[in-house]
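Protein chains: 4
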Amino acid sequence: MNCENFSISEKIVSSSYIRQGAQARRTHEQLIRLLLEKGKCPEDGWDESTIELFLNELAVMDSNNFLGNCGVGEREGRVASSLVARRHYRLIHGIGRSGDIAAVQPKAAGSSLLNKLTNAVVLDILKAAGVRTVSSCFVVPMATGMSLTLCFLTLRHRRPKAKYILWPRIDQKSCFKSMITAGFEPVIVESLLEGDELRTDLQTVESKIKELGPENIVCVHSTTSCFAPRVPDRLEELAQMCAKYEIPHIVNNAYGVQSSKCMHLIQQGARVGRIDAFVQSLDKNFMVPVGGAIIAGFNESFIQEISRMYPGRASASPSLDVLITLLSLGTNGYKQLLKERKEMYTYLAEELKKLAEAHGERLLETSHNPISLAMSLGNFEKHTKAVTQLGSMLFTRQVSGARVVPLGTEQTVSGYTFQGFMSHTNEYPCPYLNAASAIGITRQDVDLCIKRLDKCLKTFKREKGDQSDKLESESGNPATASEEDVSELAERFQEEACLGLRKL
Amino acid sequence: MNCENFSISEKIVSSSYIRQGAQARRTHEQLIRLLLEKGKCPEDGWDESTIELFLNELAVMDSNNFLGNCGVGEREGRVASSLVARRHYRLIHGIGRSGDIAAVQPKAAGSSLLNKLTNAVVLDILKAAGVRTVSSCFVVPMATGMSLTLCFLTLRHRRPKAKYILWPRIDQKSCFKSMITAGFEPVIVESLLEGDELRTDLQTVESKIKELGPENIVCVHSTTSCFAPRVPDRLEELAQMCAKYEIPHIVNNAYGVQSSKCMHLIQQGARVGRIDAFVQSLDKNFMVPVGGAIIAGFNESFIQEISRMYPGRASASPSLDVLITLLSLGTNGYKQLLKERKEMYTYLAEELKKLAEAHGERLLETSHNPISLAMSLGNFEKHTKAVTQLGSMLFTRQVSGARVVPLGTEQTVSGYTFQGFMSHTNEYPCPYLNAASAIGITRQDVDLCIKRLDKCLKTFKREKGDQSDKLESESGNPATASEEDVSELAERFQEEACLGLRKL
Amino acid sequence: MNCENFSISEKIVSSSYIRQGAQARRTHEQLIRLLLEKGKCPEDGWDESTIELFLNELAVMDSNNFLGNCGVGEREGRVASSLVARRHYRLIHGIGRSGDIAAVQPKAAGSSLLNKLTNAVVLDILKAAGVRTVSSCFVVPMATGMSLTLCFLTLRHRRPKAKYILWPRIDQKSCFKSMITAGFEPVIVESLLEGDELRTDLQTVESKIKELGPENIVCVHSTTSCFAPRVPDRLEELAQMCAKYEIPHIVNNAYGVQSSKCMHLIQQGARVGRIDAFVQSLDKNFMVPVGGAIIAGFNESFIQEISRMYPGRASASPSLDVLITLLSLGTNGYKQLLKERKEMYTYLAEELKKLAEAHGERLLETSHNPISLAMSLGNFEKHTKAVTQLGSMLFTRQVSGARVVPLGTEQTVSGYTFQGFMSHTNEYPCPYLNAASAIGITRQDVDLCIKRLDKCLKTFKREKGDQSDKLESESGNPATASEEDVSELAERFQEEACLGLRKL
Amino acid sequence: MNCENFSISEKIVSSSYIRQGAQARRTHEQLIRLLLEKGKCPEDGWDESTIELFLNELAVMDSNNFLGNCGVGEREGRVASSLVARRHYRLIHGIGRSGDIAAVQPKAAGSSLLNKLTNAVVLDILKAAGVRTVSSCFVVPMATGMSLTLCFLTLRHRRPKAKYILWPRIDQKSCFKSMITAGFEPVIVESLLEGDELRTDLQTVESKIKELGPENIVCVHSTTSCFAPRVPDRLEELAQMCAKYEIPHIVNNAYGVQSSKCMHLIQQGARVGRIDAFVQSLDKNFMVPVGGAIIAGFNESFIQEISRMYPGRASASPSLDVLITLLSLGTNGYKQLLKERKEMYTYLAEELKKLAEAHGERLLETSHNPISLAMSLGNFEKHTKAVTQLGSMLFTRQVSGARVVPLGTEQTVSGYTFQGFMSHTNEYPCPYLNAASAIGITRQDVDLCIKRLDKCLKTFKREKGDQSDKLESESGNPATASEEDVSELAERFQEEACLGLRKL
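Residue numbers (full-length UniProt numbering), protein chains in the order written: chain A, 1 to 504; chain B, 1 to 504; chain C, 1 to 504; chain D, 1 to 504.
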């Protein structure tokens with residue numbers, strides 16, 4: 001309420017109480033003021049009531065919520081369903097304009113503020129997470145892969161003749177496809193096996209640059225966060241190489257914001273060499289729903305060029321989610337989450353090590369990977385089906401995210417054939433199982449995972465030999481339920497009334 | 001509740017009441033069953049209670065909501081803020097997989113169902129809206145422009161050597177930029193002036209094809225919905241030409257679903273010639289927040305090729321919005337909205353005509369444009385500022401979407417310079433004002449708009465001559481407030497307490 | 001946002017857009033201002049966005065939402081569940097203080113405002129609905145019966161020696177029990193049969209007054225809204241009698257606000273005689289959840305005396321519901337609902353009449369009852385079970401609220417035995433069925449009811465004779481499912497998977 | 001979804017994923033099943049998703065949510081505002097029937113289940129909190145005072161001639177008024193000063209019984225939770241006396257559920273003597289909004305008699321709140337809250353003791369009071385205004401619940417004059433300040449309170465002498481802001497834009 005309405009209220013309820021109420025309101029306004037003035041994530045998180053007050057205020061500023069508005073355009077922010085209006089806090093106009101996803105909309109002052117503030121708060125958090133010299137960023141309502149594509153498309157205009165992207169191999173489809181979709185030709189650089197780790201082969205990168213000619217290379221496309229035993233690329237050296245040969249450098253930092261190591265690599269790369277943009281997922285780093293990414297960089301004009309490359313308006317939903325989340329956590333809350341993640345990484349590593357040893361396996365030594373761990377599955381017959389079956393067993397026991405990697409899987413993606421797909425290399429010495437300590441993980445997650453994994457490994461040991469003939473699995477998808485699961489599920493369903501109806 | 005729980009409840013509350021409750025539950029289940037079985041939009045809209053029940057059921061099927069789940073992956077659908085979880089009905093995993101935006105996710109059976117059903121329901125509605133033979137479509141969480149880009153990028157792989165896109169001019173930045181972003185060279189075909197209308201110059205299109213060579217042309221990129229006096233492209237003839245020369249044909253049907261004429265053009269084009277894909281906005285056609293589009297076509301494998309081109313997962317938010325909306329409207333509700341829109345178009349045309357005549361202007365004759373209308377501003381001096389000022393006046397009077405188009409505006413977009421920008425042609429005979437009857441428009445919108453426009457025109461007439469020297473406006477943006485507005489706003493703010501603080 | 005924050009926002013987003021946003025906010029504030037100043041229901045309903053903005057503003061003024069509050073009392077408005085906090089808009093402190101349910105709470109300026117405004121708005125609506133001279137009222141979070149009890153308890157202190165309450169019979173348990181609970185002795189005055197109608201026997205009332213002595217009578221307890229064929233009491237004459245003998249007069253106006261006739265009776269009674277308080281249900285008159293009532297009267301100090309009689313704080317939930325509802329409807333919306341109800345009353349009467357005649361029955365002539373109608377069930381055997389069975393059939397066919405009244409039912413309530421219970425008289429000439437046109441009823445309700453009733457009557461006619469021996473019903477409860485229903489329900493459940501599990 | 005719909009879904013999304021989804025749903029159902037079967041609070045709290053799923057299921061069973069329902073009654077559970085419907089989870093019919101607030105409603109199987117389950121869960125928690133032999137209870141949507149009134153009104157029917165209620169004095173208006181409202185004459189028994197504590201004067205109670213005659217006494221009305229230096233009544237001895245003289249015994253256990261001591265007293269009283277009912281607040285014990293109470297006892301038929309005394313239906317809102325809260329906490333969560341409260345009590349006592357000593361005051365020794373503490377204000381001049389001013393200062397500094405008690409306050413409540421009101425005795429030796437450790441209190445509450453209190457005491461010391469002449473306060477209300485506050489508030493408001501407008 002404004003001052004006038006507080007004044008009138010004093011005639012209804014005692015002045016002193018109303019004034020205290022007005023004063024209380026002011027404390028919420030002060031928080032909002034700080035946010036607007038500084039454009040930084042608040043240190044301590046906001047109450048839900050302040051967040052909702054703020055979002056309501058923003059909504060009121062958008063023309064679709066003007067009480068006296070009349071609309072005769074083709075896009076007026078009308079909403080047919082009140083469920084939909086409500087879940088978006090009545091912020092309907094999205095973000096950006098046809099010219100620029102970061103631009104301000106005349107019809108939607110509130111949504112425009114939301115967009116600007118979100119980008120500012122996210123920039124602040126990227127700094128706090130370790131990339132202190134990042135100068136510009138924006139949230140884009142596309143996941144990491146498509147955001148990388150947008151970066152590559154932007155580079156096409158800068159380097160019209162270039163057609164190759166140098167890419168140290170990482171077996172994840174989205175980032176590979178991001179290059180294909182942009183219309184470029186990936187040049188795959190295999191990793192070197194150093195101990196258990198798979199690391200960037202710098203020599204081959206440089207020889208490829210020379211072989212193809214720097215002017216024909218769109219960019220180097222490197223990766224930080226990845227599944228062990230691959231480890232983050234040697235960013236410093238790559239960045240120096242890019243600087244030397246004047247080749248742009250785009251870093252896929254998918255879930256690296258949560259790791260100080262990944263962020264440090266980017267900071268160092270930018271300090272000693274060249275990094276044009278680094279891209280990270282919103283959901284993987286900030287515990288929001290899938291669908292947004294942050295494109296960030298050290299040169300404001302290049303980042304702006306990318307934001308201007310996005311044709312048209314875009315969904316405000318990912319921006320809204322990350323803003324709500326960061327306001328409710330505050331910098332301190334986010335840092336606390338990072339700290340807990342790190343602790344859980346250590347705990348997971350210890351527990352996995354114990355478990356591995358108990359089963360005659362070992363935890364691979366991949367100390368350069370700060371998030372993902374791998375445990376060998378050497379005792380398993382070197383038989384894809386057996387390993388895959390373990391994956392299925394874990395899936396049906398509600399262990400999600402534990403990835404088994406058999407040997408010898410071959411897969412073709414967009415016309416390119418990968419040997420040993422999923423293992424980042426043509427032939428890794430042993431099959432293995434991945435587990436990661438990602439932001440938000442709890443001690444209970446680790447304990448349950450270890451317990452169930454232990455049980456599965458025991459079951460497997462007991463049964464192996466007998467069962468191998470009746471195994472079946474969908475190719476390369478460890479998370480897919482096999483027949484075994486179906487029978488197990490059926491068992492669990494036994495007491496259910498449903499059973500009668502099912503044609504199993 | 002399942003049967004067992006209903007049974008137990010009978011011991012607490014009389015059997016007959018519980019059974020009636022169970023029976024009532026079953027009627028909700030029947031609606032859900034029909035949706036699952038038929039994959040069609042229900043004829044009559046669902047109650048909010050059925051919709052929320054259904055969404056809750058879907059959420060329960062996603063692994064992030066499993067009560068016994070433990071997660072050791074890098075993406076586990078954890079949510080930090082309960083405000084965020086709630087607004088997404090706890091559906092966190094988004095849609096698609098790295099391989100395909102339409103693919104099913106093992107971790108998220110509920111979100112996967114949501115995705116499949118949304119695409120099915122939307123396909124059903126496209127048919128009901130007039131494109132009866134459309135065979136496949138999918139919702140993508142990007143606005144129209146970026147969706148067009150995705151189509152063009154897909155074509156690159158089919159036609160690696162082609163680099164031109166033939167594009168009958170329409171002055172809207174997103175669709176122009178969609179071609180630039182994809183890395184192609186737009187070949188702009190100016191429209192022909194026929195009466196007041198700007199129509200497709202078929203002859204020039206064909207001569208361009210011959211000139212450039214069909215094999216060098218990525219596609220023809222035509223448009224249905226647009227601002228008058230431009231009218232929808234001659235789709236039938238273009239489609240025939242594309243068939244003849246074996247050139248792909250992508251239609252920008254941005255807000256055309258709401259118009260039976262636009263939909264009919266597409267249906268006809270596909271019948272007699274070639275249309276590979278048509279793209280439409282979710283927000284402009286279905287009254288949901290900005291940020292989603294539908295990519296549809298007549299050849300399932302090509303549409304699937306596009307969906308596979310999207311690298312990685314994507315936000316489920318636009319799918320969720322459109323599904324909620326269509327379930328709550330039902331086919332009948334949506335058709336009713338289309339009917340009302342058509343009626344309001346007629347009403348707006350009549351009222352605008354009367355107003356135009358009263359002010360010595362005329363309603364341009366653009367009967368081929370089923371949505372947008374244009375009223376001449378000939379009596380206005382042919383002075384950009386004057387026209388722009390009218391736009392500002394309307395903006396500050398909360399008439400949104402009324403677009404004024406001065407003559408002689410030159411604008412450069414992505415390196416291409418357009419004469420007469422906004423008017424779709426180098427030199428239209430007169431400045432004019434646009435108003436549209438878009439889905440959701442009410443009689444009150446029309447009445448208020450006419451009333452305020454009338455007042456502005458009168459004010460303007462009174463003042464003109466005196467003021468022209470002090471006018472100022474941001475280039476080409478009629479919706480931008482000028483100084484005039486600021487002083488007017490200040491006036492309105494006069495009684496406000498705030499005033500003291502403002503440094504106006 | 002306050003002015004300061006708007007100012008800062010202008011540095012982030014263009015001034016003119018922000019100012020328009022600030023202006024838009026002001027229109028919401030103006031609505032709130034009008035409400036605060038006038039204390040009246042707005043003529044036109046508010047948008048949901050204004051309502052929620054207002055409720056958020058109120059919540060912010062309560063101490064449990066102060067950001068810097070520390071609480072060391074025994075009641076601090078803490079909430080354990082965020083679901084609970086949210087559903088109450090964080091207004092936790094309830095209404096009233098230990099001294100007075102209408103009093104202001106120091107800890108809760110917002111809740112106090114809510115309470116005061118609700119009472120003011122409700123008073124305004126009572127006036128608009130016909131009792132123009134009502135001077136005071138308050139919402140109490142108890143249903144009608146308990147609210148009547150509170151009125152009687154208040155009178156005890158004014159008339160310590162009195163112990164009788166004169167009560168023209170109406171067969172509804174709550175209002176009868178309200179006297180018993182208050183510790184008084186009801187003196188039941190039977191109605192007179194005039195035509196089909198049951199009307200107040202004024203002569204007996206007066207003779208009872210004389211017989212018992214006015215000073216021994218706590219009050220006359222009369223009724224407006226009731227089931228036909230009883231009609232509203234002769235309030236004018238009763239009020240005159242009360243004035244003459246100086247006896248308080250409490251009117252049970254349970255669902256009478258929705259009927260201009262009932263409201264007129266009260267207005268007239270107060271004009272020509274004495275009415276001390278009239279009590280009405282919130283849920284039955286304002287389409288809110290069960291649990292609140294309005295106690296209103298013409299003498300402010302007596303109404304205040306009642307409000308002071310309530311010991312302690314009370315739930316704000318019913319006040320919140322009715323305030324939200326009236327703000328969203330506005331006076332015009334509420335009047336429109338009343339108008340539609342009246343029209344549906346006429347329609348229901350016509351349709352019921354036709355149906356009655358088709359089945360050899362008749363619509364009872366009860367024109368003094370403006371809400372409830374009765375159709376004879378004379379052709380039915382005069383057998384309670386048969387009539388009751390009809391009730392059950394309607395219940396299982398989801399016709400709710402259609403009440404069948406057999407003859408000869410005897411029931412004992414709190415030690416008093418009523419002959420012909422439910423029919424308001426010892427022996428009504430025929431069994432009958434009630435249907436009412438209450439606020440919110442739709443044409444579809446009427447049509448479906450008539451259709452299903454027709455079907456039931458036909459079925460019944462066909463089956464009667466055969467089935468009468470196996471009928472069973474819970475005493476006097478027509479809405480209770482009988483065995484017949486169970487078998488019918490079972491039939492409907494046949495296709496259900498559930499069936500296997502049920503022990504029918 | 002039922003089994004059928006899961007089956008159909010398998011055709012849309014892979015069987016194994018759907019089955020895992022169905023299995024996940026079953027785990028929610030299992031929780032619900034346990035609740036229905038055992039009628040106990042779950043040990044571990046439920047997720048919000050399970051709670052909402054359950055509430056949605058209940059709502060679907062109520063006739064107002066039947067998709068095919070037609071209503072022709074006077075109360076059909078229609079809701080005008082979707083905001084209102086939503087906040088009640090569409091449970092509109094309230095609880096109870098005209099005959100009994102605990103009865104089942106034919107129209108509302110879901111609400112009826114809610115009511116029954118809430119009472120069962122609450123009973124379970126009362127047992128867990130220490131009254132192991134409690135046999136029956138129900139939630140009533142009235143605060144403690146009105147609930148006590150209902151108990152007394154019920155006793156009237158058992159003891160029609162009795163008119164006195166024996167009441168060991170406690171200075172809280174609601175519980176005193178609860179007797180007045182019920183129409184009885186309180187017989188006030190002053191407490192004895194033992195050390196610093198005020199304790200039950202058993203001898204006087206017994207002599208009053210003899211003096212008035214047991215048959216003339218409605219009941220003894222004792223109290224557990226209260227402000228120090230009063231301590232809980234000697235329940236054991238009172239209960240024995242009640243047994244001996246055959247007098248009912250009603251215990252006001254307002255906020256005693258949170259204290260094992262209070263609960264133990266009740267358990268012991270019932271074991272060795274007579275307790276007919278004990279009444280406790282929902283908000284004060286379970287952190288829900290104000291407005292509900294639990295009436296509990298050891299004799300099921302007496303508790304049922306009370307529930308039948310409530311005339312008519314009632315709001316389900318308090319039941320819904322407490323059910324949601326207990327399901328989300330679980331028994332373990334609730335016990336954890338009790339444990340933390342106890343720890344904070346000790347901490348608060350220590351801190352207050354230190355502070356008192358630093359200011360030349362002392363913490364009163366009131367070890368029998370497990371919740372409330374008192375610190376002497378002896379150094380203060382024995383001047384009501386000075387003490388009251390301290391209260392105001394704390395109020396404006398957002399210390400809520402810290403109650404200052406001056407000497408010599410006289411207050412008349414419902415015609416009875418109390419000397420030394422607020423101090424539970426005619427003349428307590430010194431003025432004092434209360435602070436309590438109530439459920440939900442945090443260490444931060446204590447720290448802030450101590451800090452601000454310290455500051456106030458210092459300020460006061462500095463200023464005393466100068467200011468005493470300009471003090472003013474509303475009689476007896478320490479929480480009321482005085483002029484001093486107003487000027488202080490004005491100071492704080494200084495920077496505010498608002499200031500200009502205010503007429504201070």
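Please keep in mind that the hints were generated in silico from the structure rather than gathered at the bench.
It cannot be assumed that every hint is accurate.
In this list, chains with the same sequence are indistinguishable; a pair is considered to hold if it fits within one copy or across any two.
[Said to hold, decoys possible] In silico BS3-like cross-links for lysine-lysine, where the CA-CA straight-line distance does not exceed 30 Å:
id: 1; residue 1: K11; residue 2: K173
id: 2; residue 1: K38; residue 2: K458
id: 3; residue 1: K11; residue 2: K127
id: 4; residue 1: K461; residue 2: K127
id: 5; residue 1: K11; residue 2: K163
Verification of the hints:
1. K11 to K173: Cα proximity of K11 and K173: across copies only (26 Å, versus 66 Å in one copy).
2. K38 to K458: Answer is neither; intra-copy 56 Å and inter-copy 36 Å both fail.
3. K11 to K127: between (50 Å within a copy, 23 Å between copies)
4. K461 to K127: So K461 and K127 fail the 30 Å test inside a copy (48 Å) and across (49 Å) alike.
5. K11 to K163: Intra 74 Å, inter 42 Å, cutoff 30 Å: neither.
Of the numbered hints stated above, those contradicted by the structure are hints 2, 4 and 5, listed in ascending order.
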